[in-house]
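Student: The primary structure of each chain is shown beneath.
There are 2 protein chains.
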Amino acid sequence: MKTINSRSPIILASKSPRRKRLLEQAHIEFSVVDSLVDEDLVSAATPQLHALTLAEAKAWAVAQKHPEAWIIGADSIVVIDDMILNKPDSAAHAKQMLNHLSGRTHRVITGYSIMCKARNQRKNDTCITHVTFKDLTGGEIDWYLGTPEPWDKAGAYAIQGIAAFMIKSIQGSYTNVVGLPVCEVLDYLLKHKIIDRTTEKIHKTRLASGI
Amino acid sequence: MKTINSRSPIILASKSPRRKRLLEQAHIEFSVVDSLVDEDLVSAATPQLHALTLAEAKAWAVAQKHPEAWIIGADSIVVIDDMILNKPDSAAHAKQMLNHLSGRTHRVITGYSIMCKARNQRKNDTCITHVTFKDLTGGEIDWYLGTPEPWDKAGAYAIQGIAAFMIKSIQGSYTNVVGLPVCEVLDYLLKHKIIDRTTEKIHKTRLASGI
Numbered sequence: 001m002k003t004i005n006s007r008s009p010i011i012l013a014s015k016s017p018r019r020k021r022l023l024e025q026a027h028i029e030f031s032v033v034d035s036l037v038d039e040d041l042v043s044a045a046t047p048q049l050h051a052l053t054l055a056e057a058k059a060w061a062v063a064q065k066h067p068e069a070w071i072i073g074a075d076s077i078v079v080i081d082d083m084i085l086n087k088p089d090s091a092a093h094a095k096q097m098l099n100h101l102s103g104r105t106h107r108v109i110t111g112y113s114i115m116c117k118a119r120n121q122r123k124n125d126t127c128i129t130h131v132t133f134k135d136l137t138g139g140e141i142d143w144y145l146g147t148p149e150p151w152d153k154a155g156a157y158a159i160q161g162i163a164a165f166m167i168k169s170i171q172g173s174y175t176n177v178v179g180l181p182v183c184e185v186l187d188y189l190l191k192h193k194i195i196d197r198t199t200e201k202i203h204k205t206r207l208a209s210g211i
Numbered sequence: 212m213k214t215i216n217s218r219s220p221i222i223l224a225s226k227s228p229r230r231k232r233l234l235e236q237a238h239i240e241f242s243v244v245d246s247l248v249d250e251d252l253v254s255a256a257t258p259q260l261h262a263l264t265l266a267e268a269k270a271w272a273v274a275q276k277h278p279e280a281w282i283i284g285a286d287s288i289v290v291i292d293d294m295i296l297n298k299p300d301s302a303a304h305a306k307q308m309l310n311h312l313s314g315r316t317h318r319v320i321t322g323y324s325i326m327c328k329a330r331n332q333r334k335n336d337t338c339i340t341h342v343t344f345k346d347l348t349g350g351e352i353d354w355y356l357g358t359p360e361p362w363d364k365a366g367a368y369a370i371q372g373i374a375a376f377m378i379k380s381i382q383g384s385y386t387n388v389v390g391l392p393v394c395e396v397l398d399y400l401l402k403h404k405i406i407d408r409t410t411e412k413i414h415k416t417r418l419a420s421g422i
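Chains A and B, in that order, give the protein sequences.
Our numbering puts the first residue of the first sequence at 1, with every later residue one more than the last.
Our numbering puts the first residue of the second sequence at 212, with every later residue one more than the last.
Everything labelled a hint here was simulated from the structure, so no lab data went into it.
Treat the hints with care, as some may be off.
In silico DSS-like cross-links for lysine-lysine, where the CA-CA straight-line distance does not exceed 30 angstroms [as the list claims (entries may be wrong)]:
id, chain 1, residue 1, chain 2, residue 2
1, B, K345, B, K306
2, B, K345, A, K134
3, A, K168, B, K404
4, A, K15, B, K379
5, B, K379, B, K231
If you're wondering where the values come from, they're calculated on a predicted model, not measured in any experiment.
Using the sequences and the hints given, assemble the complete structure.
Tutor: Take a look at the structure:
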């Protein structure tokens with residue numbers, strides 16, 4: 001992940017390959033440290049607060065060991081009828097989720113926390129995107145369940161993968177549905193000069209491969 | 212692009228690597244044939260008609276040589292203030308476009324045409340997505356222009372690339388902004404049994420790499 005000049009180290013406190021890929025695509029220099037936070041230990045009054053609390057807990061856990069760094073923590077949840085859909089634990093569970101989402105609009109809420117312990121600075125916020133599924137047939141759901149895609153995904157789908165065929169429209173940030181609201185996170189990093197694009201060098205060979 | 216059973220050959224009449232990637236992600240078996248249509252020769256009364264006419268012209272050109280196949284043609288345009296933004300022809304042109312898009316909402320219109328000449332069947336339609344940019348600083352625009360990304364893209368940006376940091380929100384289909392409304396196109400292919408997911412085999416090793 002060696003790319004461009006950023007003034008302070010940035011650490012993504014998430015083991016999600018999708019978040020890593022989003023920051024790589026945005027050409028941020030960063031490293032990854034798993035927060036090891038037990039997601040089941042967090043309880044909150046609302047889905048939004050749940051995502052926010054977990055995002056902050058992840059960032060905070062990593063900030064303890066890297067106080068000088070800027071830590072980015074995030075947690076994404078899928079919410080329909082005020083119910084959080086987690087990762088499916090069986091084929092029947094995944095099928096139930098996809099039937100629930102079919103033909104309807106749900107929310108994807110990503111809580112994100114950007115903090116630097118040594119500077120005593122932090123921003124915690126949530127980003128909400130509305131996602132509308134087309135009407136899925138039983139055959140389409142069964143076919144999708146035969147792919148490896150749904151199993152480690154909240155709500156049993158991945159918008160950036162095969163599931164694109166299910167998604168009629170979204171309202172809000174797309175990257176937020178993938179796992180991190182890139183525009184909002186980078187806006188903070190830019191405004192606080194944690195990254196400074198006026199002085200960055202662009203590695204064209206590396207860039208070219210991702211386009 | 213060897214994957215899964217589809218009953219008739221499908222041809223993407225587009226040399227766009229982004230459209231090819233979208234159909235690959237959707238796990239469609241298809242091949243690519245460049246339509247060689249001269250985009251400058253098409254004129255139409257409205258931006259929407261422009262995209263539709265060009266999409267159909269591309270599909271039709273390929274259908275002449277492959278009458279038994281299902282041909283998918285598409286054309287995407289970026290429209291702001293009823294003005295079509297094409298690919299930039301200079302740095303100054305790209306800068307002007309990004310300044311125009313900054314802090315505002317524009318439309319991305321993709322015309323798409325799905326046809327089989329031998330069966331005398333075709334569907335022509337357009338899909339519109341509203342895209343809202345954040346306020347870009349001069350430094351951000353200059354930095355982005357230093358990357359190779361804007362040069363071959365309508366409107367001088369690529370939503371699926373580095374430009375994700377500029378996109379505050381969208382309303383509508385995301386894949387439509389990338390270049391092809393995957394949900395709509397696959398819905399047609401599924402409903403007309405041009406692809407049949409109930410009988411498709413899934414190549415798990417190939418799938419796993421893209422997720």
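Student: Confirm or reject each hint.
Tutor: Hint check:
1. Between K345 (chain B) and K306 (chain B) the alpha-carbon distance is near 15 angstroms, which keeps this suggested pair within the 30 angstroms criterion.
2. Restraint check for K345 (chain B) and K134 (chain A): satisfied, since their Cα atoms lie roughly 29 angstroms apart, inside the 30 angstroms limit.
3. A distance of roughly 20 angstroms separates the Cα atoms of K168 (chain A) and K404 (chain B); the hinted pair therefore holds under the 30 angstroms criterion.
4. Simply put, K15 (chain A) and K379 (chain B) have alpha-carbon atoms about 25 angstroms apart, close enough for the 30 angstroms limit, and the pair holds.
5. Between the alpha carbons of K379 (chain B) and K231 (chain B) the distance comes to roughly 26 angstroms, so the proposed pair stays at or under 30 angstroms and holds.
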